[in-house]
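Student: Those protein sequences? They're chains W and B, same order as listed.
Its first residue numbered 1, the first sequence is counted upward by one per residue in the working numbering.
Its first residue numbered 1, the second sequence is counted upward by one per residue in the working numbering.
Treat the hints as calculated values from the structure; they're not laboratory data.
Heads up, some of the hints might be wrong.
Said to hold, decoys possible - Across the chosen pairs, the derived CB separations fall in these ranges:
| no. | chain 1 | residue 1 | chain 2 | residue 2 | range |
| --- | --- | --- | --- | --- | --- |
| 1 | B | Thr93 | W | Phe51 | 55 to 65 Å |
| 2 | B | Arg38 | W | Ser39 | 37 to 47 Å |
| 3 | B | Ala95 | W | Asn133 | 31 to 41 Å |
| 4 | B | Ser88 | W | Ser112 | 31 to 41 Å |
| 5 | B | Ser86 | W | Thr163 | 55 to 65 Å |
| 6 | B | Ser86 | W | Ala63 | 51 to 61 Å |
| 7 | B | Glu40 | W | Gly124 | 42 to 52 Å |
| 8 | B | Ser86 | W | Asn194 | 36 to 46 Å |
| 9 | B | Glu40 | W | Gly83 | 30 to 40 Å |
| 10 | B | Glu40 | W | Ser39 | 45 to 55 Å |
| 11 | B | Thr93 | W | Asn159 | 43 to 53 Å |
| 12 | B | Glu40 | W | Arg27 | 20 to 30 Å |
All values reported here derive from a predicted model rather than from experimental measurement.
Beta carbons: idealized from backbone N, C-alpha and C, even for Gly.
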Amino acid sequence: MTKKLILAAVLTSTASFLSTAAHAESRFVTGTASPLTASANLDFTVTIPKFVYVRIGTGTNAANNTNVDNIVFTVPAANVGDGTAVAGTGGDLTGGQVTARVLGNNGTIAFSSTTLGPLNNGAGDTISWSQMNVAVTANTTATALVHPTLVDGATTSVNLTPTSGTKVTNLDARWTFSYRNQNVVAAGTYGGVNTQNGRVTYAVSMP
Amino acid sequence: MRRWARPQALWICAASALTICPQAAQAGSRFATSSTERVEEAAHLDFTIRIPALIVMASAKGPKETVLLTPAARKSSESPPDDRFSVSTNAGTLAFAPTVTEPSRGTAQDALTESPVLPNIRAYVVAAP
């Protein structure tokens with residue numbers, strides 16, 4: 001008897017399941033009730049990948065761009081070492097100005113700058129990164145992206161707090177570079193395109 | 001029964017194949033098989049600073065002269081008598097030669113150390129590499 005009851009229960013539940021599966025998510029209702037209603041369900045799934053994005057100068061939104069800008073400072077002979085700041089040329093915004101942007105969606109982002117050492121002219125003479133001034137102004141976001149301090153042969157890092165909720169960070173800024181020109185230094189060309197310590201690496205790291 | 005701390009349990013599971021440690025496999029958010037749990041990217045920016053080669057000649061009474069050097073550039077400057085005279089450059093060792101129009105009472109080195117200019121020396125020629 002017990003076995004018969006169990007078998008009956010299994011068959012009943014199986015029949016119900018098969019009935020439902022055969023019609024997927026559709027309902028057919030008939031009767032005298034007013035109003036007569038029927039409903040069906042639809043599920044949605046949205047998959048958002050984890051990502052982080054950093055742009056310094058020329059770049060493409062949400063994509064890699066291999067172009068590296070070169071900010072060039074030419075000191076007039078009459079002003080060498082007299083403290084008169086020298087504006088740069090180059091940068092995607094010209095005049096020694098670049099677009100800086102960091103975007104990520106998985107928590108606090110560590111944002112850093114790294115130099116290999118003071119700029120040098122290949123003849124043993126150097127200019128410290130402390131002679132490079134950076135003016136940070138807002139671009140499209142309410143809060144401007146800070147610039148990690150440039151230090152000779154070292155990395156400095158700042159933590160970027162999420163700007164939306166607890167996970168999303170969206171910050172950008174305009175960085176304007178100028179050469180402080182506070183010391184009389186030997187003649188020559190210091191730094192350059194990935195040479196003589198002229199390259200700065202800006203990195204982002206997100207959980 | 002000894003209670004393992006979670007990291008130790010995960011390590012033991014890894015050593016003996018995950019299939020016999022269903023708890024470690026389900027804790028995949030902590031037991032990542034990839035060594036790069038963090039997402040990292042980097043961008044770069046280059047800098048160039050151009051410093052010209054020059055000579056600066058100055059006297060107490062005369063104007064300060066700044067000369068932008070070319071590889072073959074030379075500069076001569078005439079300094080009045082009883083004046084203090086200085087020369088500086090950022091382009092290496094200076095070659096310094098006075099032009100003496102009359103017999104002098106001293107040497108050109110006196111001028112380099114900012115001694116009063118000898119009245120018989122009327123012109124100085126300096127050159128840098």
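Student: Indicate, hint by hint, whether the structure satisfies it.
Tutor: Hints and how they fare:
1. At roughly 57 Å, the beta carbons of threonine 93(B) and phenylalanine 51(W) sit within the given window of 55 to 65 Å.
2. Roughly 45 Å separates the CB atoms of arginine 38(B) and serine 39(W), a value that falls within the hinted 37 to 47 Å.
3. Distance hint for alanine 95(B) and asparagine 133(W): a CB-CB separation of about 37 Å, consistent with the stated range 31 to 41 Å.
4. The hint said 31 to 41 Å for the Cβ distance between serine 88(B) and serine 112(W), and at roughly 40 Å that hint holds.
5. The supplied range of 55 to 65 Å is met by serine 86(B) and threonine 163(W), whose beta-carbon atoms lie about 57 Å from each other.
6. Against the hinted window of 51 to 61 Å, the Cβ-Cβ separation of serine 86(B) and alanine 63(W) comes to about 57 Å, which satisfies the hint.
7. Distance hint check: the CB atoms of glutamate 40(B) and glycine 124(W) are about 35 Å apart, inconsistent with the given range 42 to 52 Å.
8. Checked against the hint of 36 to 46 Å, the C-beta distance between serine 86(B) and asparagine 194(W) comes to roughly 40 Å, which is consistent with it.
9. At about 39 Å, the CB distance of glutamate 40(B) to glycine 83(W) agrees with the hint of 30 to 40 Å.
10. Range check, glutamate 40(B) to serine 39(W): about 48 Å between beta-carbon atoms, so the 45 to 55 Å window is met.
11. A C-beta distance of roughly 50 Å is found between threonine 93(B) and asparagine 159(W), which places it inside the suggested range of 43 to 53 Å.
12. Checked against the hint of 20 to 30 Å, the C-beta distance between glutamate 40(B) and arginine 27(W) comes to roughly 51 Å, which is inconsistent with it.
Hint compliance for this structure: hints 7 and 12 are not met, and every other hint is.
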